[in-house]
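Enquirer: Chain by chain, the residues:
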Amino acid sequence: MELSFTQGRWNYDQWGGFDPISSSNAKPPGVELWAVFDVPHEQVDDSWKNLTHALSGLFCASINFLESSTTYSAPDWGYRPDSGSLRYGSLPREAVCTENLTPWLKLLPCRDKAGLSTLMDRPSIYKGYYHSQRLRLTSSEFEPEGVGSGIVLEQTLTVVVQPSSQRTVRSYSHETKLQPSWSLTSIFGRKVSSRCVLAKSSIVYLQLDGGLIAELDSLQNENKIYSADNYVSEGVRSNAFFEVSVKPDRVLKELKGVEKKNPSVLYEFSIDKYDESGPFDLGLTWKVPVAWSCQKAPLHVSRFLMGSGNERGAIAISLRSTELTDELLHTEKSEGRCKLEVKVFQVVPWYIKVYFHTLQVFVNEEPQAVSDVVEKMRVSPSVDKLSPGVMEMLLKFPCGMKSAAITLDFDKGFLHIDEYPPDANQGFDIPSAIISFPNFHTSMQFLKDDSSDKSAILSKFEENSAVLAYTEVLLVPLTTPDFSMPYNVITITCTVCALYFGSLLNVLRRRVGEEERLKNKEKEPGRLRQLLFRLYAKITGRPLEPVESTTTSSSSSSSKLGFIILVAGIAVFWQVYYG
Amino acid sequence: MSPYAGSMYHGSPLLLSLLGPLTVKRIDGQPSHLLCSLVFVAADILNSLLIRATGQTLQIAYRQSLRSLDLDMISETMEILPSGDIAALIYLWNPFTIAACVGLSTSPIENLAIMLALYGACKRLVPLAAFGWVMATHLSLYPIILIIPIILLLGNGPDTPRKLFLLRRHVYVLLLCGVSVKRYGGLWEMFTSMYGFILTVQDLSPNIGVLWYFFAEVFDFFRNFFLIVFHTNILFMIFPLAIRLHHRPCFLAFVYITISSMLKSYPSVGDSALYFGLLGWFVYELSEMKFSFFLFCVYIGVSLLSPVMHNLWIWRGTGNANFYFATAMAYACLQIVLVVESVSAMLNHDRKLRKLSSAKLQDGKS
Chain A
1 MELSFTQGRW NYDQWGGFDP ISSSNAKPPG VELWAVFDVP HEQVDDSWKN LTHALSGLFC
61 ASINFLESST TYSAPDWGYR PDSGSLRYGS LPREAVCTEN LTPWLKLLPC RDKAGLSTLM
121 DRPSIYKGYY HSQRLRLTSS EFEPEGVGSG IVLEQTLTVV VQPSSQRTVR SYSHETKLQP
181 SWSLTSIFGR KVSSRCVLAK SSIVYLQLDG GLIAELDSLQ NENKIYSADN YVSEGVRSNA
241 FFEVSVKPDR VLKELKGVEK KNPSVLYEFS IDKYDESGPF DLGLTWKVPV AWSCQKAPLH
301 VSRFLMGSGN ERGAIAISLR STELTDELLH TEKSEGRCKL EVKVFQVVPW YIKVYFHTLQ
361 VFVNEEPQAV SDVVEKMRVS PSVDKLSPGV MEMLLKFPCG MKSAAITLDF DKGFLHIDEY
421 PPDANQGFDI PSAIISFPNF HTSMQFLKDD SSDKSAILSK FEENSAVLAY TEVLLVPLTT
481 PDFSMPYNVI TITCTVCALY FGSLLNVLRR RVGEEERLKN KEKEPGRLRQ LLFRLYAKIT
541 GRPLEPVEST TTSSSSSSSK LGFIILVAGI AVFWQVYYG
Chain B
1001 MSPYAGSMYH GSPLLLSLLG PLTVKRIDGQ PSHLLCSLVF VAADILNSLL IRATGQTLQI
1061 AYRQSLRSLD LDMISETMEI LPSGDIAALI YLWNPFTIAA CVGLSTSPIE NLAIMLALYG
1121 ACKRLVPLAA FGWVMATHLS LYPIILIIPI ILLLGNGPDT PRKLFLLRRH VYVLLLCGVS
1181 VKRYGGLWEM FTSMYGFILT VQDLSPNIGV LWYFFAEVFD FFRNFFLIVF HTNILFMIFP
1241 LAIRLHHRPC FLAFVYITIS SMLKSYPSVG DSALYFGLLG WFVYELSEMK FSFFLFCVYI
1301 GVSLLSPVMH NLWIWRGTGN ANFYFATAMA YACLQIVLVV ESVSAMLNHD RKLRKLSSAK
1361 LQDGKS
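Line by line, the protein sequences give chains A and B. For what it's worth, our numbering labels the leading residue of the first sequence as 1, then goes sequentially. For what it's worth, our numbering labels the leading residue of the second sequence as 1001, then goes sequentially.
Because the hints were derived from the structure by calculation, they are not lab data. Mixed in with the good hints, there may be bad ones.
Anything over 10 Å on all C-beta distances counts as not near chain A; from chain B, calculated [what the hints assert, rightly or not]:
no., residue
1, A1043
2, A1061
3, Q1064
4, D1085
5, I1098
6, I1147
7, L1152
8, L1235
9, M1289
10, F1291
11, F1293
12, H1349
13, K1360
In silico BS3-like pairs for lysine-lysine, Cα to Cα no more than 27 Å straight-line [claimed, not checked]:
no., chain 1, residue 1, chain 2, residue 2
14, A, K385, B, K1264
15, A, K538, B, K1290
16, A, K113, A, K454
17, B, K1290, B, K1264
18, A, K191, A, K460
19, A, K113, A, K191
Using N, Cα and C, we set each Cβ at its ideal position, and we do this for glycine too.
Chain A with its partners taken away, still in its complex shape (with noise of 0.2 Å):
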């Protein structure tokens, strides 16, 4: 099971898309879930129902909404070995807090008390870019190559935080700017002051990008200044470029992956040896203005709607080659017909009814016939108000393709009054696409296989992971009825209802006999009479009786007027005595 809670996007360009970091730790805004299920086929739903209420308790949140089956959809393909039982929901909107925090942090051994996480001061994370906090649960069962036997819980929290010196350093515009400096003070606040005693090792890494390192070497290359490899041996504490504050206690550098990226280097710096006196506290300090860039992922990704009006639209997921992608298709291009392949899962809501004909495909923004590159297609259409749509496809683009372009027509629907949300002329969200590359696979190997000391983070890079890019979250405007007429609109129809039963009855009641007695009048009966029967016809609604008629209308008038007294006299009678 894995279930994130996250706040804010991650920015592929500026950030990095390719290295496992971006890959399994960038995740949609507001709340995912993915699970497993070990329990026979019918009771997966019942299961996953269970899961989102126990999930919502512990973690103060509403993943109770992802309960109805309108929520959450089963992908089929290969995110995790088992796909009969996965089970995958997000809830787009919600909003991350330090009560979600808290009971995560909770299920750390020492909570925030002590070691690590007493760095986690909740304004400092709040006020970055992004901040995710994940949960991993896996049982043995599932791994094949297990970490341990039993259960496995994994914690992982992700902030992307602006170091404060940023703000207050202002350089001249003519002069390049000098990257900010920072530490752990001048970013959290605080120092680590302990390690927790019941965790087997407190270690904080320092990763220095495999771009920064390939971008101080073409430096030092053109100075011609020190030697190589000076960040791993007599460079570490302080060089041209930057200065650490506390030396590491070991320095690793990367081996040379399979894709050709630059190798990074890592700084270990163990806790075990810091206290109250001498309080860990890192920081790195730049001398020289260095611009690099993070590795980013094959395809620049990103998702729009496109269209106007709240009756139809189309949604549409542009891939832009980044100039990496040359880099990483250079090998296989030389052997001619390479491919890039993408994968797309996208899950709709129910009431943006996708008309999945309408599928377009555009290569370097001319038109393709679907079939040249769309190799394969799995899609479940949406069912009204039971399950939401879902799309995954695998297109194969030449590999020297400079943008893509993947649209799909919609129509929007209308909904109850009741299933609209508080602030409903907001709109709707459509969750994130998943765009995973199937053809790359991203991990960081530091230490030789055989090695003992291998810290969980450094075990967790070397496992392979598929590189993954999460999409925009698209707020969709729907049609809103009035919601304050649900009494005016049932009277008014019932109104119209009843208008046309009366009068096409009334028109057939009519005898055949009725306009000549209308038109014979005989003599006429006393005022009194007249005006009475006048008032009685007014009220009735009844045609004025001709006059002949009078006395069987009289005694049918009285004996109607007897019947009435006798029903109220019986209905007083029951509501005394039983009521």
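Please arrange chain B on chain A, whose structure you already have, making use of the hints.
Expert: The following block gives chain B in isolation, referenced to the frame of chain A:
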């Protein structure tokens, strides 16, 4: 994958196998929906021919009955108004019919099935009438009430062969559906998607009827109750009308069609197109109808205002659902006035005829 899998299609599988390939096939150089539109145009033309033929039969029968009552002078004035031709022309030139055809709605095909049934019944062709009725009921549920005028029209034969024909036709159609549907799902799925959808009003998209807004606003507690009320509203009027108008089965059919197109769960202007055409059969009898000019003007007004309000509400976002619903209400009221006044005019006409014939008898006696 079953065509009913995604709750987007609620029609008949036979219609799907007829129209489905036509929407996909393309002739180079022509717009993509050309073949499909041709089918609807052909259906409309056939419809008007059937209306004309039925109208002529009706007129001949009426003249004969008048002659038998010795009311010859009336039958001569009727020569001026060939009601079959007028009805066919009204049907073809009605803006509603043209709009339904251009909008690629399947109403022309449903109307064709209804007209086949009525034509077969008028000409005493029992197999044709049975086929038409069964197809009409299959395509949309409401023509099931037309069984009564059809039985009345087929008048003087014994009951048994009619019923047998109907049953056989029904079984035949169900077999066809079963075969075409077996590939994907089952007959039960077809029934729930087609008839269950009509009866339970699941989709709340705005249309020219009144039920969509009603069921969008009604509280869930009362939803089933109101569903029953609205459907019984149509059923309840069947017997009073049949009792009162059993001597005029074609007019009874016209009234049934108007009522069902007014009160059905998903009405469209294609349904109104049919009853306007049938109104043309009774041009002579309904010539003294009250409010006819008023109805004509308000029909034009509503058909102009309704798309404007729809645009304001959905496309521009400046209007409210209430504007569009008001035009739908006005449309429903119009149809009510039309039904009531036409029934009243027809009954008055019959009354007048009866008076005339009884006067003639008295003259003849004396």
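Enquirer: Broken hints, numbered, in rising order?
Expert: none
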